[in-house]
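So the sequences go chain by chain: A and B.
In terms of numbering that gives the first Met the number 0, the first sequence opens at residue 0 and continues consecutively.
In terms of numbering that gives the first Met the number 0, the second sequence opens at residue 0 and continues consecutively.
None of these hints come from the bench; they were simulated from the model.
Glycine residues also receive a C-beta, built at the ideal position from the N, C-alpha and C atoms.
Where hints are given, some of them may not hold.
[As the list claims (entries may be wrong)] Each computed SDA-like pair below joins lysine to any residue, with the alpha-carbon atoms no more than 20 Å apart:
1) B:Lys325 to A:Ala11
2) B:Lys325 to A:Glu10
3) A:Lys331 to B:Ser314
4) B:Lys92 to B:Asp58
5) B:Lys325 to A:Asp51
6) B:Lys68 to B:Gln186
7) B:Lys325 to A:Val53
8) A:Lys13 to B:Ser321
9) B:Lys255 to A:Thr4
10) B:Lys139 to A:Gly81
11) B:Lys255 to A:Leu3
12) B:Lys250 to A:Thr4
13) B:Lys325 to A:Thr4
14) A:Lys331 to B:Leu331
15) B:Lys238 to A:Asn334
16) A:Lys104 to B:Lys139
17) A:Lys13 to B:Glu248
18) A:Lys121 to B:Glu191
19) A:Lys121 to B:Pro64
[Stated by the list, open to error] Here are the in silico distance ranges between beta carbons for each label pair:
20) A:Asn125 to B:Asn301: 33 to 43 Å
21) A:Glu252 to B:Val311: 45 to 55 Å
22) B:Gly51 to A:Lys129: 54 to 64 Å
23) B:Pro313 to A:Asp310: 27 to 37 Å
24) B:Arg187 to A:Thr286: 32 to 42 Å
25) A:Asn324 to B:Gly51: 49 to 59 Å
26) A:Asp179 to B:Glu284: 53 to 63 Å
27) B:Arg187 to A:Lys154: 24 to 34 Å
28) B:Ile300 to A:Lys250: 36 to 46 Å
29) B:His247 to A:Ile320: 32 to 42 Å
30) B:Asp131 to A:Glu10: 56 to 66 Å
31) A:Ser96 to B:Lys295: 56 to 66 Å
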Amino acid sequence: MKYLTEYRNLEATKKYLKLIDKTITKKWNIMEVCGGQTHGLVKNGILELLPDKVQMIHGPGCPVCVTPLNLIDKAIELLENGVIICSFGDMIRVPGSTKSLLEAKAEGGDLRILYSPIEAVKIARNNPDKEVVFFAVGFETTAPANALSVLHAQKEGLKNYSILVSHVLVPPAMEAILDDEFCNIDAFLGAGHVCAIMGYKAYYPLAEKYKIPIVITGFEPVDLAQGIYMAVKQLEEGLHVVENQYSRAVKEEGNVAAINVINQVFEVGNREWRGIGEIPNSGYVLTPEFKAFDAELKFGISYIKVLENPDCIAGEILRGIKKPNECSQFGKVCNPSNPLGAPMVSSEGACAAYYHFSNNLE
Amino acid sequence: MNKEELGFDTINLGHGSGGLMTRDLLDKIIFKTFSNPFLDQKHDGSIVKFNGPTAISTDSFVVSPVFFKGGNIGSLAVHGTVNDVAMCGAIPKYLTLAFIVEEGLKIEDFIAIVASIKEAADKCGVQIITGDTKVVERGKGDKIFINTTGFGEVNPKANISTDNIKVGDKIIVNGFVAQHGMAIMSQREGLEFESTIESDSTNLNFLVNDLIDAFGDKIHLFRDPTRGGIASVLSEISKDINKGITIHEDKIPLEKQVAAACEILGLDPLYVANEGLFIAIIDSEIADAVLEQMIKDEKGINSACIGEITEVHPSKVVMHSSVGGKRIISPLIGEQLPRIC
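Go ahead and model the full structure; you've got the sequences and the hints to work with.
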């Protein structure tokens, strides 16, 4: 496949790994922000190929991992009350406070697993006597399609379609991590797909304020090795600028058409992040014009205090303070069949990536 | 047979009552299609004779959608069980055939499925010797479920057992992985995407039997990696034999379109279902000869040696990635779910 095989090339990956080795003089902690990058690093065995001086810290960029428990419980409650819930696949096994969406489906709920939210609009059109709710989770990456579903529903005059919004934004999360007293991160690999939509201008002030290199990076082995090399090079040279490794997909200004769709439907607002807490201005909420499509308002949502499993250290994992194998429950009580927390569910969750691909390698 | 001759459009509860309507359905479709000396007795069961050890395997088929590119639930129900019998080193001879039909199934769909069962059974060289038809109320099934049980005579030259696997044995597959699962996925409601990916559903009994005839007990194991894909089957084998398995990412046959579809949906092809694929674990000294023979067969044109049995990392499957890294291949947990982004 064009633009894929050449980025899975052994020689090119090795070239960058050698350059990292040659350039590095001291230990650096680099956080890959996106769960897709964590998955790529672990799946391709790149973590072991890196010199010991490079410590990769896994970031919060796993959309289902940071979706608040309250919203999962709300989706389950709606499902149990006859609402058709449409969701991306990896959300459905994430544990709520008593069960997951998949378990609620087994008990009789009408849960549809979709690849695109536009399908949910079709389901609403075909089921006019039912309420249809799309569980709109994700970072900036999924926001344009989710926003587009609302525009389609509005155009068709559908009154039975709404979305349960849990959209979060990457730059405020990076800032929250940098403000954390335990933060020990020296550089970031910026999330390539998020920047493909949003561009990377928003990262300039971050790099400047915190004196930290940010390299917008892709997901294939060559991308990751090159991105890490660019970060190491900046660190060794004492630089802290925004660079774009993923230039085949990312432009500085982003995807203008997609941003316009987002801005028509969403505005920035406060959001709660599972495992991290509320971060001001860290997510999207529907604009006043589209409030009729807000499932939270339509059905009411009660913010009962729900408790996470006390043995789960997902918060520390998501903030990069601990690694999955430093958790006492990892691979024992907590595994993908019986996840204590969300990072063990999605393939982009750091715990699941460690469990599947690198748990006790030899 | 068409629906005008039958005089009904859909299957209803009466067709599973055991009364006249059942008889009508059996006479006009089932007995007529599958007529053979066993079935023509119209008895409760059939009496068959086997020469020596007999392999028996049963499987239920619940695929949705019922019709997919490259086959339907009928051909799948034949191939699936025939292949399971063949994996035991046996020559499949007989099949049982049981339907659970949801009322309201269109009769033309039922006729098409039965015709496809007949065609597949003829190709496999098996006879349908007994069966059953039940009808359940609407909402209590999903159009049609099929159970088949297969019986086969074990090839006297075969000695298929995990006990025979030793360090150094080679792991061979007969073609592209993940074809069936991705063909089904591409037609699932909500996940549809345009592709020409076809299921690999086919019978493997002749190819497998030819290999046993040629290489006998140097072939240590056959397995067909259906649900859970090759990852799950290899994980199971490595645990069973308490030895390591190493596979090489760049050796695994993967068709371009399937690879692209897996990328889009965020699926790992190693975990996607196959219905016309087998894994052979064989003595390393015959590896070249086995491959040479397999690629001459139309069902083995894309055969490849993907790995070997190792002393190191016992009970674990480790894949060497195409960029020089290593990763554990763990068994599939739950259903494979498309990722968000």
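> Tell me, which hint numbers fail for this structure?
Replying inline: No numbers; nothing is violated.
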